[in-house]
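Construct the entire structure; sequences and hints are all you get.
Chains C and R, in that order, are what the protein sequence lines are. Heads up, the final residue of the first sequence is numbered 383 in our numbering, and it's a clean run with no missing numbers. Heads up, the final residue of the second sequence is numbered 396 in our numbering, and it's a clean run with no missing numbers.
Check each hint, because a few of them may be wrong.
As the list claims (entries may be wrong) - With a straight-line cut-off of 35 Å between C-alpha atoms, the simulated DSBU-like cross-links for lysine-lysine are:
{"#": "1", "chain 1": "C", "residue 1": "110", "chain 2": "R", "residue 2": "253"}
{"#": "2", "chain 1": "C", "residue 1": "180", "chain 2": "R", "residue 2": "256"}
{"#": "3", "chain 1": "C", "residue 1": "110", "chain 2": "C", "residue 2": "181"}
{"#": "4", "chain 1": "C", "residue 1": "361", "chain 2": "C", "residue 2": "110"}
{"#": "5", "chain 1": "C", "residue 1": "238", "chain 2": "C", "residue 2": "180"}
{"#": "6", "chain 1": "C", "residue 1": "238", "chain 2": "C", "residue 2": "110"}
{"#": "7", "chain 1": "R", "residue 1": "253", "chain 2": "C", "residue 2": "180"}
{"#": "8", "chain 1": "C", "residue 1": "238", "chain 2": "R", "residue 2": "256"}
{"#": "9", "chain 1": "R", "residue 1": "253", "chain 2": "C", "residue 2": "361"}
{"#": "10", "chain 1": "C", "residue 1": "238", "chain 2": "C", "residue 2": "116"}
{"#": "11", "chain 1": "C", "residue 1": "361", "chain 2": "C", "residue 2": "180"}
{"#": "12", "chain 1": "C", "residue 1": "361", "chain 2": "C", "residue 2": "116"}
{"#": "13", "chain 1": "C", "residue 1": "238", "chain 2": "R", "residue 2": "253"}
{"#": "14", "chain 1": "R", "residue 1": "256", "chain 2": "C", "residue 2": "181"}
{"#": "15", "chain 1": "C", "residue 1": "238", "chain 2": "C", "residue 2": "181"}
{"#": "16", "chain 1": "C", "residue 1": "116", "chain 2": "C", "residue 2": "181"}
Claimed, not checked - Counterexamples of contact, computed for chain C against chain R with all Cβ distances above 10 Å:
{"#": "17", "residue": "68"}
{"#": "18", "residue": "269"}
{"#": "19", "residue": "353"}
{"#": "20", "residue": "361"}
Calculated from the structure, these hints are not laboratory results. C-beta atoms are modelled at their ideal positions from N, C-alpha and C, and glycine is treated no differently.
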Amino acid sequence: MQLQLTEEMQAFREEMRTFFTTQVPQEIRDVVLQGRELSRDQIVQSMQILNAAGLAVPHWPSEWGGRDWTDLQRHLWNEEMQAAGVPAPLMFNAGMIGPVIAHFGTPEQKQEFLPKTANCDIWWSQGFSEPDAGSDLAALRTTAVRDGDDWIVNGQKTWTTLGQYGDWIFTLVRTNPDVKKQAGISMLLIDMRTEGLEVRPIELIDGGHEVNEVWFTDVRVPGANLVGEVDGGWTIAKFLLGNERVGVAPVGATKQALARAKRICADLIAEDPLLRARIVELENELLALELTALRVVAHSAGGEPHPASSVLKLKGTELQQAVTELVVDLAGPAAFALGDDEASDEAWFRRSVPTYLNFRKASIYGGSNEIQRQIISRGILGL
Amino acid sequence: MDFTYDDEQGALREAVRGLVARTYGEYENRRRTVASDPGYDERLWGQLAEMGLLGLPFGEDDGGSGATWVEAAIVLQELGRVLAPEPYLTAVVQAGGLVADVGTAEQRAELLGGLSSGERLLSFAHASRRWSPSASGVTASQDGDTWTLQGRIDAVPQGANADVLIVSAETPAGTGLFVVPGDAVERSGHATYDGGRSARVVLGGVAATPLGDAGADQTSAIAAALDRTIVLGANEALGIIEQQLVDTTAYLKSRKQFGVTLNNFQALTFRAADMYTSVELTHSLVAWATMVAASVAAGERDSEQLSDAAARVAVQLGTAGRHVGQEAIQLHGGIAMTAEYRVGAGTSRLTYLEHLAGDRGHHLNELAAVVADHGALDPLAASVLGSAPVTAEVGS
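Next comes the structure, spelled out in structure tokens:
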């Protein structure tokens, strides 16, 4: 057992911190730290700065920009990035389709897509969920039917996050309706400018436009855009969803938000012992979570993920939500006021309720917390 | 940062696990043992001594094994797993730790040597207001070189059986520590709710030898001993809740109702999943706090870090211990209400551990008083409180 990071890892952490706090523009990081909405350009600019320094896709295979880091290094990279308010590399690119193409793609697909994906020259969207296929993803009904070498796609996807910015969409489609539902799914890469593809906004409870419906009406997709085997899409989907064991719990960002709340509301907190107790409880739970994340990354060098990694998403999102709730309660009636797009502490406060409402999503997406409980009870406890 | 045990520590764990399983693998043996005085198995205590486990955290010059609190924690986890009633936590960690910190070289050699060899049972007799490290209720008077103690301590662990009492008492300097032979005091023993033994000790002017420096105030040493008791006790508690989860899971897979095993009911399996979450988060925090305790003992970190870590563990365990302990009983149903089944005894022991050296509410208060003094916690820094509060918006 060892309490300290090795000197090498301390130096690595320092290197990350220095890069993130000096090389990514302050005005972009302030948007993140103040919980405002990043523009498409800001997300792209930030990811390109990271990519130029080899920090956008460190977990990819090294020939495509990966760094062969240990899980601990990736953890430190991820935490320092969050602490500095650097926008995470676009999840759909860096965390989802990139690793999929690198693993399952043809040489042509790798050549065509991976460099542009790492540099955010292509903005990817995710075409997985459907109105009747949420947690039960394999129930999806969007179809793709052969027409010569091409595929003709019809159906509807939903909850497509930031689909309004998307250039391409990686899409799970049903290619065989006659077999067990998991066995008839394929993955297609679809150019979102193709005729018959329409993105429609969904307004959310926070008043924002973060997600979309994507409709496909006789959308023609070249056969070369199939990833992996025909009817092999479920394997790819499982690979994509199970790929991540670092950064599953948003510890750094949640700690940041809590520390910020403490600072801004110092006077209120000084007067109220119940608030102080609530903050201690949150800090303590976040500490236990962070230590669990460290236990997991230190353990999983090359092998199977540590079973405790399954608690990270569950607990991480609960705490993320609990901190947004705290901020709502700290703000109280101050959140009624106008002017919530300003870059100030007061405005951060005034955004507290939309933020709180927005983050109810966290325990739903990425495998709802009920799915996480099922993974624990079945997969780990054997129940 | 590394949470894994090295080969030697792994071997220690296996050895302890094997040893205690031979005595308490059958829960009925534990029941039988706690039913009669002294409430633990003296033969097993002797075996723990032979393996060098009673002297683990003490220096070899003092008759100990020269290991660290991490090794003692490994022992406690295994004792917790089988609910072994041996007074390792109170005799070795609490009383022994105080002697190691405060005693003169001569006292350390005599008392820790005797403790490590199993010949002398030590106990810390501390009367104070609700986990305060300052003594109240016992006063020490000095007449020349002679000290006498007057007062009463209501619950001394193994107090009727202990060979040596380390007694705290009010002195002109604050709180002093004294060595008193167990048979020199008036004491009445009784069983505690967790199957342990405790005694009321009355000191009617008994002669006592100062532990360490006669005139010194030992309040901070006592505080450190209480903090270590929390951290090491949390390792015992971790062993208990891990085993409760194992028992509960096994029961859900075997017990049938409505014609099917209970694991067919999601209302139950999801609650087991939440127990797992509590156990794993506790595991991480307890392991960290144990490393902090070892690091403080090695002089690498200051004692304030031990106090902070102990408080954090107490807060976590207060929540998780009750969550797991209560759910273990509920998910079993009626069987866990019976004394012949071990799950409920675990919950009883968890309650004792929670209240031994400062509970959740007590430590939540302490942490809340200083919560504004630091920014975000950082377990990878030289102190978890390391980062100062951010006073201005970066760059704006």
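Now for the hints, and whether the structure bears them out:
Only pairs whose Cα atoms come within 35 Å are accepted, and residue 110(C) paired with residue 253(R) is rejected, the gap being roughly 47 Å. Among the hinted pairs, residue 180(C) with residue 256(R) is consistent with the structure: their alpha-carbon atoms are about 32 Å apart, no more than 35 Å. Between residue 110(C) and residue 181(C) the CA atoms are separated by roughly 29 Å; this keeps the pair inside 35 Å, and the hint holds. For the suggested pair residue 361(C) and residue 110(C), the alpha carbons sit about 32 Å apart, so the restraint of at most 35 Å is met.
Straight-line distance between C-alpha atoms of residue 238(C) and residue 180(C) comes to about 16 Å, which keeps the hinted pair within the 35 Å bound. Our distance criterion of 35 Å between C-alpha atoms is met by residue 238(C) and residue 110(C), whose separation comes to about 20 Å. A hinted pair counts as satisfied when its Cα atoms are at most 35 Å apart, and residue 253(R) with residue 180(C) qualifies at roughly 29 Å. Taking the CA atoms of residue 238(C) and residue 256(R), the gap is near 34 Å; set against the 35 Å cutoff, the hint holds.
Distance check on the hinted pair: residue 253(R) and residue 361(C) sit about 33 Å apart at the alpha-carbon level, within 35 Å; holds. For the hint pairing residue 238(C) with residue 116(C), the CA-to-CA distance comes to about 24 Å; that is within 35 Å, so the pair holds. For a cut-off of 35 Å, the pair hint linking residue 361(C) to residue 180(C) stands: about 30 Å separates their Cα positions. Taken as a hint, the residue 361(C) and residue 116(C) pair is honoured in the structure, with Cα atoms around 29 Å apart against an allowance of 35 Å.
A distance of roughly 28 Å separates the Cα atoms of residue 238(C) and residue 253(R); the hinted pair therefore holds under the 35 Å criterion. This hinted pair checks out: residue 256(R) and residue 181(C) have alpha carbons roughly 32 Å apart, not beyond 35 Å. Restraint check for residue 238(C) and residue 181(C): satisfied, since their Cα atoms lie roughly 14 Å apart, inside the 35 Å limit. The suggested pairing of residue 116(C) with residue 181(C) holds, with an alpha-carbon distance near 33 Å, which does not exceed 35 Å.
Taking the minimum C-beta to C-beta distance to chain R, about 20 Å, the non-interface status of residue 68(C) holds against the 10 Å cut. Against chain R, the non-interface label of residue 269(C) is violated: not every CB pair exceeds 10 Å, the least being about 6 Å. No beta-carbon of chain R is positioned within 10 Å of the beta-carbon of residue 353(C); the least distance is around 22 Å. With a cut of 10 Å on Cβ distances, residue 361(C) stays outside the contact zone with chain R, its closest approach being about 21 Å.
When held up to the earlier numbered hints, the structure conflicts with 1 and 18 and fits the remainder.
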